[in-house]
Amino acid sequence: MSGIAPTAPAAPGNLERPRPIKAVPVRHWGRWVSAAILLFLAVALGWSLAHNPNVHWATIGEFLFKPLTLRGVVVTLEMTVIAMVIGVVGGTIIAVMRLSDNRVLSTVAWIYIWLFRGVPLLVQIILWGFLGALYPTLFVGIPFVGVVFAHGSTSSLIGAFTAAILALGLNEVAYAAELVRAGIISVDEGQSEAAYSIGMSSGLTMRRVVLPQAMRVIIPPMGNETITMLKMTSLVSVISGQDLLTTLQKVYAQNFQVIPLLIVASLWYLALTTVLTVGQHYLEKRFGRGFGQADSGTAERRALRRETRSA
Amino acid sequence: MPDQAMVRAEQVWKSFGRLDVLKGIDFVVQPQQTVVLLGPSGGGKSTILRCINHLEKIDAGRLWVDGELMGYRQRGDVLHEMKTKDVARQRSKIGMVFQRFNLFPHRTALENVMEAPAYVKHVPRAEAERDAVALLGQVGLGEKLDSYPAQLSGGQQQRVAIARALALRPKVMLFDEPTSALDPELVGEVLDVMRQLARDGMTMIVVTHEIGFAREVADGVALIDGGVVVESGPPNEVLVDPKQERTKLFLSKVLA
Chain A
1 MSGIAPTAPA APGNLERPRP IKAVPVRHWG RWVSAAILLF LAVALGWSLA HNPNVHWATI
61 GEFLFKPLTL RGVVVTLEMT VIAMVIGVVG GTIIAVMRLS DNRVLSTVAW IYIWLFRGVP
121 LLVQIILWGF LGALYPTLFV GIPFVGVVFA HGSTSSLIGA FTAAILALGL NEVAYAAELV
181 RAGIISVDEG QSEAAYSIGM SSGLTMRRVV LPQAMRVIIP PMGNETITML KMTSLVSVIS
241 GQDLLTTLQK VYAQNFQVIP LLIVASLWYL ALTTVLTVGQ HYLEKRFGRG FGQADSGTAE
301 RRALRRETRS A
Chain B
1 MPDQAMVRAE QVWKSFGRLD VLKGIDFVVQ PQQTVVLLGP SGGGKSTILR CINHLEKIDA
61 GRLWVDGELM GYRQRGDVLH EMKTKDVARQ RSKIGMVFQR FNLFPHRTAL ENVMEAPAYV
121 KHVPRAEAER DAVALLGQVG LGEKLDSYPA QLSGGQQQRV AIARALALRP KVMLFDEPTS
181 ALDPELVGEV LDVMRQLARD GMTMIVVTHE IGFAREVADG VALIDGGVVV ESGPPNEVLV
241 DPKQERTKLF LSKVLA
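First to last, the sequence lines map onto chains A and B.
All residue numbers for the first sequence refer to the numbering used here, where the first residue is 1 and numbers rise by one.
All residue numbers for the second sequence refer to the numbering used here, where the first residue is 1 and numbers rise by one.
If we strip away everything but chain A, and leave its shape as in the complex, we get:
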């Protein structure tokens, strides 16, 4: 008996579709059991928290939307956003410098990353916060010849908020630079070559061709950085910043409601993280253009726009 016997092709017109398969699906009993056990444990934990007198739900309710708490939330958000803007913009510049053919630029970038990644963030925050101890006055002018356009005392020029932003932002630049560099390297060499072949300069190639594609790779870890930054802002308590955690720490230092106030802080950090996660999702969609599933509406919209413009 031969293995492969050609069957007669079905006569045209006799191509009736066979009945679709109806089968009993595999039952995953283990999943049902484990889900039931986990659900029970979750309910038990929730019940024990709800009925634990040490949690002080009333205190949580009282402080959750207090102006004091909300001010802390705003400061934390401001610090996160400003530090991340400094980080992303500066990080992109340092990353491009690091990959440059210009040895001066790449060395400067390397030293920057080495220094700001190597010194603990807490030390950097304290150094910026107590810059006045190092340089009591700051001036704008020409050094060594005594020409001074403006000067002032360091402590009045750089307050706790500015010091916090500088420390968090400049530290983030070093980490963001490495993320952006990874993104740039991930873009195929052929993309730059194609750009050069149509007469694009290296700067234009970076801006129009390489970076937009690198963004796809950069955004997920950068979202991670942002969420980390949100919580790192609490380190500025060492220079008495006004962020959320520091504010609430000051409160429980007085009323000893440590657990309830930490829960208040955690609820806010969770809420902010959720918002950031949603934002990240939309950014990923925006920079995934041309890669994932086609957005069927886009093509028609573009064609319509072109027609209305040329009409």
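If you're looking for bench data, these hints aren't it; they were derived computationally from the structure.
Since no wrong hints were added, every one of them can be taken at face value.
Pairs of lysine to any residue, SDA-like flavour, derived with a Cα cap of 20 Å:
(1) A:Lys285 to B:Arg107
(2) B:Lys121 to A:Ser201
(3) B:Lys93 to A:Gln191
(4) B:Lys57 to A:Gly190
(5) B:Lys121 to A:Met206
(6) A:Lys66 to A:Lys250
Sample of chain B residues lacking proximity to chain A, with all beta carbon distances greater than 10 Å (derived):
(7) Leu19
(8) Gly24
(9) Ala60
(10) Arg62
(11) Met82
(12) Ser153
(13) Gln196
(14) His209
(15) Ser232
(16) Val240
(17) Asp241
(18) Lys248
(19) Leu251
If you anchor each label on the Cβ, the simulated ranges turn out as follows:
(20) B:Glu81 to A:Phe291: 32 to 42 Å
(21) A:Leu115 to B:Glu81: 26 to 36 Å
(22) A:Ser100 to B:Arg73: 19 to 29 Å
Yeah, the Cβ is synthetic: ideal placement off N, Cα and C, and Gly gets one too.
With chain A's structure known, arrange chain B on it following the hints.
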């Protein structure tokens, strides 16, 4: 040595590390000619194209395109390297089509073609768009303006790439194995576009394994192997009655 030739190479040498890839290449391509470079992989064909538009720096010899020395300015006997801005200007006169298409995946077909006119030449947007629509129509893709490269077949992508390379009205077009990455049934549509370009008088240098295309379209054929031009001449001589053993051997394998 400015002259009438569109592309002139004299004793071009190129090495990667200690490997000599080109060992003294000489050739001339006249305006409106189509020259096909044949030869085994690793023989140096693609490197020649990449040297012509200065994606690779040559180690010795001279290369002129449209009477201009590529990548250098000669003052007396001294060569001065050009600034990247000037190299970019020279490249804009040379279109290049790659084996792997290298379309910009985050931009639509139309945006790919508009990119160079709009952002390199600063042509007004409406005008750049009109020209790009016309070019895409010319390569038979008038219906695919708003498709992203990932939504197009290989043959369609390569035709967009040809339209993109034509957008700056180049004086010469370089094709680096334009059909080697395509499914067999899609090769024809790309060759058709190239055939039409040649008929319209474009100067073209084509690296390909399509002997049929060379026989039909080329004004000149060169066999490149081991970094040298083994044999060159009109297609009905080189392809039909080659003088060199190396050429005979290559053709017998390709045509088998």
